[in-house]
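Listed below are the residues making up each chain.
2 protein chains.
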Amino acid sequence: MSELSKQLTFILELDRLKAVYRQSLVKTDNNRQENSAEHSWHIAMLAQTLGQYADEPVNISRVTHMLLLHDIVEIDAGDTFAFAQQQDLDAQEKKELDAANRIFGLLPQAQYQETLNLWLEFEAAKTVDARFAKAMDCILPLLQNMNNEGGSWAIHKVKKSQVINRNRHLNGLAPTLWTFVCEQIAIAVANGWLIDD
Amino acid sequence: MSELSKQLTFILELDRLKAVYRQSLVKTDNNRQENSAEHSWHIAMLAQTLGQYADEPVNISRVTHMLLLHDIVEIDAGDTFAFAQQQDLDAQEKKELDAANRIFGLLPQAQYQETLNLWLEFEAAKTVDARFAKAMDCILPLLQNMNNEGGSWAIHKVKKSQVINRNRHLNGLAPTLWTFVCEQIAIAVANGWLIDD
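So the sequences go chain by chain: A and B.
For the first sequence, my numbering assigns the number 417 to the initial residue and increments by one for each residue that follows.
For the second sequence, my numbering assigns the number 417 to the initial residue and increments by one for each residue that follows.
One chain only, chain A, in its complex shape:
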């Protein structure tokens, strides 16, 4: 199979991410569930828009690429709610690694390795780029829920401490955004959208 054939097979496979539905709701489309493809677009736009708030040097092009591909593994592994039980989150990790190898493995060898490495960097959340990317992936559901009377938080009875822990990448990395997130969490608790625990 030619390089181009492999690449186009990968691209057609990506279509399936449009059929992976998340817990987040699309308020502007009758509160239907959001799919992971449109979510990936939205957080890539978020990174392009909020790059200035990183206190350490962030490469927004790399962050954008990470965000575009971060959920592709869900084609095989499905979406797990961010606030699921720890055992479910652990099981998800193995499924996602297998998925990364299968799906990125559709690409030519060098591109496969490069894409896999970028995804692994995102998952590990150690580098500045990956931490900023993770932060974008956490801020957007917060914005969506705050704009939708608690959205998926309210439905799933999520706790304040869970949301704070999930947004921890912002602390130290983007102080303005961290302050904003903390303010929003306080409002959500006051409104009864998050459990005060």
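By construction, these hints were calculated from the structure, which means they are not laboratory data.
Keep in mind that a hint or two might mislead.
Copies of the same chain look alike in the list, so a pair counts if it fits in one copy or across any two.
Stated by the list, open to error - With a Cα cut of at most 35 Å, we get these calculated DSBU-like pairs of lysine-lysine: (1) K542 / K422; (2) K542 / K443; (3) K542 / K511; (4) K443 / K422; (5) K443 / K510; (6) K573 / K422; (7) K443 / K575; (8) K576 / K422; (9) K542 / K575; (10) K443 / K511; (11) K576 / K443; (12) K575 / K511; (13) K542 / K576; (14) K422 / K575; (15) K542 / K573.
All values reported here derive from a predicted model rather than from experimental measurement.
Could you slot chain B onto chain A? The hints should help.
Only chain B this time, still in chain A's reference frame:
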């Protein structure tokens, strides 16, 4: 309003692109109509994957940014089928410019200007980056239709000459992709998915 408030207002407004439905079908999700947000994600991934085929130096980060924002104007202007009547396409142009000013105008001044300029560059399709971005926006529906028994081409009785004209940006810019597209068009005509005209 603070810079951050403006930026977050813009981000929340973007949610509405998930409710703009196109003529393309999502084969892997029961052939429902595709929305412009998930389409934008998919072509951004296409650009990241096919950058090597550009014969002139292309900045894939700029191309990706263009592709992420190229359809945002549809929030106000709606989607017009690529092969609509010329008078409808002309009317769309004015609506899209108004939309660009309103929606990108939600951003702080400098970011508004930068985003508007990038969108105008895409629309003008004169620079190498914009031509490559346009090419990505044309190849993906072709792939989707070829993988779906003609998809939206077959439904709307599209002509071969229309698809060739739409993909003309590839000619000279990315010869390998141009050859591939011409081959696919020939197959589509042979299968009766495109009208031989």
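Here is how each hint holds up against the structure:
no. : hint        : result
1   : K542 / K422 : both (31 Å within a copy, 30 Å between copies)
2   : K542 / K443 : within (33 Å within a copy, 37 Å between copies)
3   : K542 / K511 : within (21 Å within a copy, 44 Å between copies)
4   : K443 / K422 : between (37 Å within a copy, 20 Å between copies)
5   : K443 / K510 : both (32 Å within a copy, 28 Å between copies)
6   : K573 / K422 : between (44 Å within a copy, 30 Å between copies)
7   : K443 / K575 : within (22 Å within a copy, 38 Å between copies)
8   : K576 / K422 : between (45 Å within a copy, 26 Å between copies)
9   : K542 / K575 : within (25 Å within a copy, 52 Å between copies)
10  : K443 / K511 : both (30 Å within a copy, 24 Å between copies)
11  : K576 / K443 : within (22 Å within a copy, 39 Å between copies)
12  : K575 / K511 : within (26 Å within a copy, 44 Å between copies)
13  : K542 / K576 : within (24 Å within a copy, 50 Å between copies)
14  : K422 / K575 : between (44 Å within a copy, 28 Å between copies)
15  : K542 / K573 : within (30 Å within a copy, 52 Å between copies)
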